[in-house]
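2 protein chains.
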Amino acid sequence: MNKQIDLYFDFSSPYSYLAVARVDDVVAACDIKVRLIPVVLGAIFNRLGWQSSPFLAQPRKLAYMWQDVKRQAKKYSLEFEQPTQFPIGSILPARIATAFSDAPWLHDFCIQVFKAYFARNKDISNPETIEKILKQMDLDPQEILPRASSQETKNQLKLITEQADGLQIFGAPSFIVHDQLFWGDDRLEDAIEFCLRGEH
Amino acid sequence: MNKQIDLYFDFSSPYSYLAVARVDDVVAACDIKVRLIPVVLGAIFNRLGWQSSPFLAQPRKLAYMWQDVKRQAKKYSLEFEQPTQFPIGSILPARIATAFSDAPWLHDFCIQVFKAYFARNKDISNPETIEKILKQMDLDPQEILPRASSQETKNQLKLITEQADGLQIFGAPSFIVHDQLFWGDDRLEDAIEFCLRGEH
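As they're listed, the protein sequences go chains A and B. The first sequence runs 1 to 200 under our numbering. The second sequence runs 1 to 200 under our numbering.
Since the hints were derived computationally from the structure, they do not count as laboratory data. Source: prediction; values computed, not measured. Treat the hints with care, as some may be off.
Since copy identity is lost for identical chains, a pair holds within one copy or between any two.
In silico DSSO-like links for lysine-lysine, alpha-carbon gap of 30 Å or less [stated by the list, open to error]:
{"id": "1", "residue 1": "Lys132", "residue 2": "Lys122"}
{"id": "2", "residue 1": "Lys3", "residue 2": "Lys61"}
{"id": "3", "residue 1": "Lys33", "residue 2": "Lys158"}
{"id": "4", "residue 1": "Lys61", "residue 2": "Lys33"}
All chains should be built: construct the whole structure from the sequences, respecting the hints.
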């Protein structure tokens, strides 16, 4: 039986950066498939009655979060620099990752977008930033951007976000292994352990 | 130089239970002193503009929290049963732990109170529950309870809670190592690592 973890994330989520950037190394020794699934976290927050990221309503927790992400990034040897704008519009890269979910370059693309935002303070809501990333990866923006902006992709991302909401997801990253939800970068190892034990 | 971690907790906090129950094992191999410091977390929540535990305002996150605590307790081989009442008044055991912060039985007392609430669904806001715990530990409630309820102890717990607030604590458990705050049972190992490295 195929072992699989669904990793739900948002490009605007700092702990999603940590999880997506390290997941390949963490599963390297196991025979587990990781599906990277972008969602519009803001839409889930709205459904839960929150106007935006719950961090914004809690300045003290927000200040702590940046300290914590910085320490965690250092622990994992990941580049990090606190972005000046937070949160940020992440719909364009999310649509690209939705439209090209099977592309061999998906994982690398996600990491490049996360690093642009969380390590180099780039405005990933600006299509030019995303175009530049695609070009640096030797991909053709003229081919990719129209498909990412198609009605089909928009509907697809909306549907996936609704499904994530149905799975009781309330933050990112979230890992789904069979019927179990694990929330937060800190639970990556537990999600993998649960997946390997095959308790279902 | 003495290495020390200050562990701020509330008896009503499930992740505080996990941290307090496992901290001795985790620091067993290192020369670190752990100070258990009870606070009135509700008072800190009020100062932050929250009426009660932020979990109560977020039913989906609350439901997840119980699943997560159950899994974590299992991972750490700790007894756990979701209590029927949450949160619960924790001021009496907090006052005892304040008044007897230097007692050799403090750590064991804390674990017994946590287990009464989080493993045996006992009402720890009821003085009878606390009296029973003291007796089972061969301690004399007639000696302990009056000192716990003295004005001096009340003032002391209030002062410690204000100090915790000044340290930017916003949840429990929180670990303070020198000037650094680590929040959550998940950060216990990081706090210890930081303490051992002596980066300050």
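Verification of the hints:
1. Lys132 to Lys122: within (11 Å within a copy, 60 Å between copies)
2. Lys3 to Lys61: between (36 Å within a copy, 26 Å between copies)
3. Lys33 to Lys158: Answer is within; shortest intra-copy Cα gap is 24 Å, inter-copy 51 Å.
4. Lys61 to Lys33: between (34 Å within a copy, 27 Å between copies)
Checked against the numbered hints given earlier, the structure satisfies every one of them.
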